[in-house]
Amino acid sequence: MRVIRQRPMNWVERLYIFECLRGLFTTIKHAARGLFRYETLPTISYPEGQPEIRNTYRAKHRLMLRPDGTPRCVACGMCAAACPAHCIFIEATQSDDPRIEKRVMRFDIDHLTCVFCGLCVEACPVDALRMDTKKISFMHRNREDFVAHLDDLVEWDPKDYPDDEQSQVAPGGTKNAEARKVWGMEVK
Amino acid sequence: MLALIYFIILAVIALGAAVCVFLSRHPLYGALSLVTSMVALAGIYGLVGSPFLGVIQIMVYAGAIMMLVTFVIMVLNGARDSKTPMFDKVSLFVLPAVLLLAGVVGFAFVRAPLAFDATALRGSVSLTSETLFNMAQGGPGYFLLFEVLGLLLLSAMVAAVLLAKKRLGTVESENTEESH
Amino acid sequence: MDIIESKTWIEWVITIAKFAFCFVPVLYILLLIPMERRGAGFMQDRQGPNRSYIKIPYFGKIRLFGYVQNMCDGTKLFFKEQFAPSGVNKILFRVAPAIPFAIVFLSPCVIPWFGPMVFEWGGQTVRIAGSIVDSDVGVLLLFGFSSLSAFGAVLAGWASKSKYSFLGALRTSAMTISYEVCLGLSLMGLLLLVGSFNLTDIVYWQEHHVWGIVAQPVAFFCFLIASIAETGRAPFDVAEGEPELVAGYHTEYGAMQFGLFYMGEYSHICINSFLIATLFLGGYSVPFVTTETMQAHMGGSLAVLCGILAFLGLAFLHMIYRYSRKLKATTLSNRFEILREYSLYKIVAWVAVAVFVILGVAAWFFYNPANFVVNGVAVGSLATAIGTALIHLLVLVVKSVFFCWVWIWVRWTLPRFRYDHVMHLGWKIILNIALINLVVTAVIAKLVGGN
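Protein chains in written order, with my numbering: chain H, 1 to 188; chain F, 189 to 368; chain R, 369 to 819.
I should point out that these hints are in silico values taken from the structure, not numbers from a laboratory.
Here the structure is a predicted model, which is why all the values come from computation and not from measurement.
We treat Cβ as the ideally placed atom computed from N, Cα and C, and that holds for glycine.
Please note: incorrect hints may appear among the correct ones.
Unchecked claim - In silico EDC-like cross-links for lysine to aspartate or glutamate, where the CA-CA straight-line distance does not exceed 20 angstroms: (1) K353(F) <-> E705(R); (2) K696(R) <-> D68(H); (3) K694(R) <-> E101(H); (4) K696(R) <-> E48(H); (5) K423(R) <-> E48(H); (6) K814(R) <-> D276(F); (7) K696(R) <-> E39(H); (8) K429(R) <-> D788(R); (9) K714(R) <-> E48(H); (10) K29(H) <-> E404(R); (11) K531(R) <-> E610(R); (12) K29(H) <-> D413(R); (13) K694(R) <-> D108(H); (14) K429(R) <-> E48(H); (15) K694(R) <-> E52(H).
Claimed, not checked - Restraint ranges, calculated between C-beta atoms of paired labels, are given here: (16) K448(R) <-> T40(H): 35 to 41 angstroms; (17) T40(H) <-> V729(R): 36 to 42 angstroms; (18) S343(F) <-> L21(H): 16 to 22 angstroms; (19) E39(H) <-> K423(R): 20 to 26 angstroms; (20) I726(R) <-> L21(H): 23 to 29 angstroms; (21) C440(R) <-> T40(H): 23 to 29 angstroms; (22) L712(R) <-> L192(F): 22 to 28 angstroms; (23) F146(H) <-> E449(R): 33 to 39 angstroms.
Make a model of the complete structure from these sequences and hints.
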């Protein structure tokens, strides 16, 4: 076992009063900063000023879209299996696209139970689920509204994710037209 | 005239509180009544022209000593004593003494009626110190006596500490309050 | 009543008006609470409470830099239920919070708020003392009152029937007694130099010799530490230390009963800072200028005072303008609201600056009252006396506010002492330093003064 011996205090430090004065000097510096450089305080006055959130921050979920506007989700249930909080509920149904087996009929995420760990995003084999919406405030009147449904999860604008290629493939994105050609098939 | 009115108010408070001291069944109430009585008494001291004595009364007796008394009552769990009877055998000795004292005081009042001049200073700081320490005229004052008294109190304090230490063994006693 | 007729009416008016100073500690609470909360915030790089507001027409939400928080706190405390747990001693439980707060109204009586007013009125020279009660035993009276105010905490702790409260009460009583002694003894050196307990005399001596902090630096530190301990504030707040005793002697209190303790504590700080300013920082006396000089150039003094106030107003304006500029550059969604609020401050500050400048110029050029000397004392008109008193009062307030700040500053800097360390510091260190200081002062005073 390693024992780290503290440096013994010298007599000035043991007198305590000088160390007190040093501490007082430190706090007065900070107080002066608050008084004369108020805007440099790190506090954000929250509802009026929003914090800067990076896109790696695990915020509210969204479901990625194929070029034709359907969710990329194949209803494999991996995310629901990976979820430690059991907050994802998926019901699958037959896909209209013959190349794809299943699609989701119901995709609910209960944000009251969600722990925002991001394991569902890691688990998704088709990159359908992401948490980069930067929406950090969940404000609703009742508990039911905290459950995000499928229509809520697919409702996002590609313009909010200009640097992300996968998002631009979705309808409304810059690369939607060519992606649609590659995708080839118009369902419905 | 104004001074007399103040005097009567203060005297009523002081006497009433003093009566409360021995009528109260709970020792803490007794101590608090004593504090009230002492503060009123200090007011009377101030009224008759000795503010120094009055302030010392508040500082030392009401402030420090009665604080210690309350402390002791609280620590010794005085709440158990609230069932003590108001009169017991000791009252047989106390009551005649009180009556006798009242008689003596009344007699003194009758002989020298209550009349005082509130404007004259009797116990101001400088007068008190002159009485105590002035060695120039009329002997050594009370200087030596004062110092001896201080020494006596100091020795009493040291003795109390020693006794407490013997009782408590090695535990250091906190009972080293200042004796004014 | 002959005592009433023995004075002129103006003397009576001023004497009675002086009783308004009894409310100064209570007013200081209004100053101290925002100062403490915002100051604590700033020291910890927070903003402190700043969101409560009053809504007024046109200017919108007026926040007054967080000052409105006071009113919200006060309103909350006033309208909460007065609650007493079962088993408490009802009478003492109700009475105890009132004791420290009642004493607050008595303590300011002996503090000299301004120099003695000497002026000519109706053909006779009138002299009015600066304190409400110009007592020979001023300092001792204050000590006596402050030792009495500890009874509030002690009784509260006992009446609450709670172990935490009880321990807090015991600690309070022990600490009060210990530090009373240190307080008194550390002051003795200064009293020895001055030769009087009267606070007016002490200030007069400092005005004509040196300030107490120069004459008695060691005593100043001892006194400061002892009086911080006596108010029971951090780092000496062992009586209500939250890690050990939930909240000490006021654990069982809520609503305005707790509020009374709270206000009593702040008023105690106010009184003690006034006391320190009076004893060691020259009280009401203006640094480097004697009262006689000031009275001889009354117009100039008032002009300088107005100049300082105008300068402070300009500094405030500079801060507001600077912060408005910074605010415009941010993306806060309510920045225009805040700018609208600041425009009110700007208007008020500009008006104040203009008024002060005009008053100052007017005082400089047009106000030169004649003084004459009666029995070696400069005697002026009533206006001169009131002007002097005003300057004295402001100077005293500035000094005391500084010491209030020291209280807050120390509280948010130093960690709490352990209880036995507090006792060790009081009895074995400060008491001895004060005693040595007293002896050294006595010897030096004897050698130098020969008194």
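Given the hint that K694(R) pairs with E52(H), does the C-alpha gap stay at or below 20 angstroms?
-> holds, 18 angstroms
For the pair E39(H) and K423(R), does the Cβ-Cβ distance stay inside 20 to 26 angstroms?
-> holds, 25 angstroms
Does the structure keep K696(R) and E39(H) at a Cα separation of 20 angstroms or less?
-> holds, 12 angstroms
Agreement of K694(R) and E101(H) with the hint, judged by alpha carbon distance not exceeding 20 angstroms | Violated. K694(R) to E101(H) sits at ~58 angstroms, over the 20 angstroms cutoff.
Restraint check for K423(R) with E48(H), where alpha carbons must lie at most 20 angstroms apart = Holds. K423(R) to E48(H) sits at ~18 angstroms (cutoff 20 angstroms).
Pair hint K814(R) and D276(F), alpha-carbon separation not exceeding 20 angstroms = Roughly 59 angstroms between the alpha carbons, so the hint for K814(R) and D276(F) is violated.
For the range 22 to 28 angstroms, tell me whether the beta carbons of L712(R) and L192(F) fit it or not.
-> violated, 57 angstroms
Quickly compare the C-alpha distance for K694(R) and D108(H) to 20 angstroms and report which way the hint goes.
-> Not OK: K694(R) and D108(H) at ~44 angstroms, beyond 20 angstroms, violated.
Beta-carbon spacing of C440(R) to T40(H) - inside the hinted bounds 23 to 29 angstroms or not = holds, 27 angstroms
Regarding the pair K353(F) and E705(R), is the alpha-carbon distance no greater than 20 angstroms?
-> violated, 70 angstroms
Does the structure keep K714(R) and E48(H) at a Cα separation of 20 angstroms or less?
-> Distance ~23 angstroms between K714(R) and E48(H) Cα, so the pair is violated.
For the range 33 to 39 angstroms, tell me whether the beta carbons of F146(H) and E449(R) fit it or not.
-> holds, 35 angstroms
Checked against the numbered hints listed earlier, the structure breaks hints 1, 2, 3, 6, 8, 9, 13, 18, 20, 22; every other hint is satisfied.
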